[in-house]
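Could you put together the complete structure from these sequences and hints?
Read in order, the letters of the sequence shown correspond to residues 1 to 695 in the numbering used here.
Just so you know, these hints were derived from the structure itself, not from any lab. Some hints could be false.
[Stated by the list, open to error] List of simulated lysine-lysine pairs, DSS-like, C-alpha gap at most 27 Å: (1) 294 to 67; (2) 184 to 67; (3) 67 to 263; (4) 576 to 487.
The structure presented is a predicted model; accordingly, all values stated were derived computationally and were not measured.
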Amino acid sequence: MKVFPKHRRDVIAGLTVSIRLAVSALVLAAILLTAALSSLLWWRTAEATSRQLAATINEQIVAAVRKEVAAIVDEARAAHTAIRTLFLQNVLDTREADKREFVFLSQLQSQATISWVAFGWPDGSFFAAHKLGDRRLEMMEISLTDHPGQRRIDEYDVVPGDIEFANRRFEPTDFRVAGQAWFKAGLTAEEPQWFRVTEHPTGERPSIAFAGPIDVYQERQGVLAVIIEYTRLARFLSQLEVGRTGTAFIVDGSGELVAAPDKDADELHPARGDTALLPLARAALEKAGEAGRKTAWRSRLMSGGAAYEVALTPLPFPGWSLATVIPEAEFLGPVETTLRRLILGLAVGAVLAALASAMLARFVIAAPLSRVVGEIRHVETFALERVRRHPSRVKEIASLSGAIAEMASGLSAFRKFIPADLVRALLRQGVEAKPGGSIQELSVMFIDIAGFTGLSERLGDRVVPLLSRYLDLCSEAVVANGGTIDKFIGDAVMAFWGAPQPQQDHAARCCRAALACRRAIEESGLADDLGQPLQIRIGINSGRMLVGNIGSELRLNYTVIGDAVNVASRLEGANKAYGTHILIGETTERLARGTVVTREVDSIAVYGREEGVAVYELIGIAGEDASATGWIARYEQGLSSYRARRFAAALVDFEAVLAERGHDRPAELMGERCREFAAAMPDAAWQPVAALRTK
1 MKVFPKHRRD VIAGLTVSIR LAVSALVLAA ILLTAALSSL LWWRTAEATS RQLAATINEQ
61 IVAAVRKEVA AIVDEARAAH TAIRTLFLQN VLDTREADKR EFVFLSQLQS QATISWVAFG
121 WPDGSFFAAH KLGDRRLEMM EISLTDHPGQ RRIDEYDVVP GDIEFANRRF EPTDFRVAGQ
181 AWFKAGLTAE EPQWFRVTEH PTGERPSIAF AGPIDVYQER QGVLAVIIEY TRLARFLSQL
241 EVGRTGTAFI VDGSGELVAA PDKDADELHP ARGDTALLPL ARAALEKAGE AGRKTAWRSR
301 LMSGGAAYEV ALTPLPFPGW SLATVIPEAE FLGPVETTLR RLILGLAVGA VLAALASAML
361 ARFVIAAPLS RVVGEIRHVE TFALERVRRH PSRVKEIASL SGAIAEMASG LSAFRKFIPA
421 DLVRALLRQG VEAKPGGSIQ ELSVMFIDIA GFTGLSERLG DRVVPLLSRY LDLCSEAVVA
481 NGGTIDKFIG DAVMAFWGAP QPQQDHAARC CRAALACRRA IEESGLADDL GQPLQIRIGI
541 NSGRMLVGNI GSELRLNYTV IGDAVNVASR LEGANKAYGT HILIGETTER LARGTVVTRE
601 VDSIAVYGRE EGVAVYELIG IAGEDASATG WIARYEQGLS SYRARRFAAA LVDFEAVLAE
661 RGHDRPAELM GERCREFAAA MPDAAWQPVA ALRTK
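Right, dumping it as structure tokens:
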């Protein structure tokens, strides 16, 4: 704790506000917060109602468009079926010009959305009836024998209940029905189907066609097509009211525009509707993905600083969707205006109420609380002997004063110990808060995250939640197995067993905690920024070490130090070289033998030491998994041969371990050494001890 000089503290105190003012401000803030929350609740309710209204409007629009598209599809099918039936029943011959013209024209008159009724013969001749807006019709014929390269056109005026011939003319044309996809597919198909059509004798007009073959007496006469131009859809969309400034589009699966609202669009006038909001419809289609093509989908999108409600709904025609785009301001604008007025009224009322409440709070709460704050100042300066209780008629203040007095009483003897659980343990044992310690046989464990340096550099401050969760899991495992957490050093956790509470089985407890830590990390699903499961390394060692209050009279740390502690730290780092997760020292293995399953990995000289120590990998709890017995025995047999300089025999054993496990880094590492020594035998001074050159 940093202690400021007295004159610095006086300056800081002069910058603060009085507790009476603070309490008054708190009451005012509470009332204003209540008003704000009430306004927010009202806003949310109004917003939800407005959005529901927008959804209802959208549902009505969707229903109308779906009905219209279904009707168009049905009209095309009905017209095709009616004409086809006349041909099949031999009521009408494909070459009977007068009857054919009458039937085709009657279909155009009776079906408002049909733009073309066309027929192509196998020889490439073409005949069609074409609607020219709502007041004129035309019949056209392209013959490959009569007037080749010419298009004969007969125009008719539509009068109430009838049509009148207007004129006939011939025009040059390069249109060939034989090149049309609907004609080519229809000549070989069995049933009619839908096609997308762009090219017509009159030019390029985006359309859809329902086309199929006409057979009479099992002889193919040609292909009949009923064609609907997109302009008819554009005219229908213009009749819908999508708010004041919203709009509706029909788009296909690739996001291409099929129709935008245009009240003047027809067969004579191309659609020129307003497509300013079309990019939002396409963005929604891309965002929704496949889901937006199969089911209804809604989202809120931003464009030019304004919010829009965008809805996608599949239509009866395959691949088509209806996209409605409504500016959010249309249905939330009135709500925002009302909200501003409400907030202003609530603010005025809240300020008046808060001022009256603050005056009362100053006398009931502020004055007695100021006295309690004075006692907290004594605790802050550790003048604990000056802390006194202050009775109060307010129950909470009286409880607070009593709690401060009790806290001061406890801290007066043990204020130097951290963490809290360790302080409580030392309190129970009556250990005094002064430097000192004793040599005891304990077990110590170090835990670290593999690759944490790179992980922290990549994540920056986003590493904090991951690190916090990892430390929580490790701490829970340590505490659950009776351990004492010494400290956290970045991502490292240091814990020990056997003190301050004596534990005869401290080595076994430490091993169980290590296995529990690894299992908890695996089951938690913690992963790094690359999606890889978080990996930890653990080093454990047992031995005689100094345990106690290490430090000075000003600050103490209840911890362990000594050579055995250093070895545990080095074993944690040795995991990286051997590709293991948990390495324990030979003393720990001896003390925990029979409780855990281990294998001796190697003899190593840790950094800073010359002599070698046997190192074991902690595999699991004894009796839980018997399948590891075979390969462990084979590995240790190979290790024995390696130490006896029988490198070829050792290599056979290590390769057998790899064959059984698939991957085992210690076996791979020892196998590599055996190959090197088998190729060039070491000298007589060689010792089977691996030296670690790094900490």
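Exercise. Give me the numbers of the hints this structure contradicts, sorted from smallest to largest.
Key: 2
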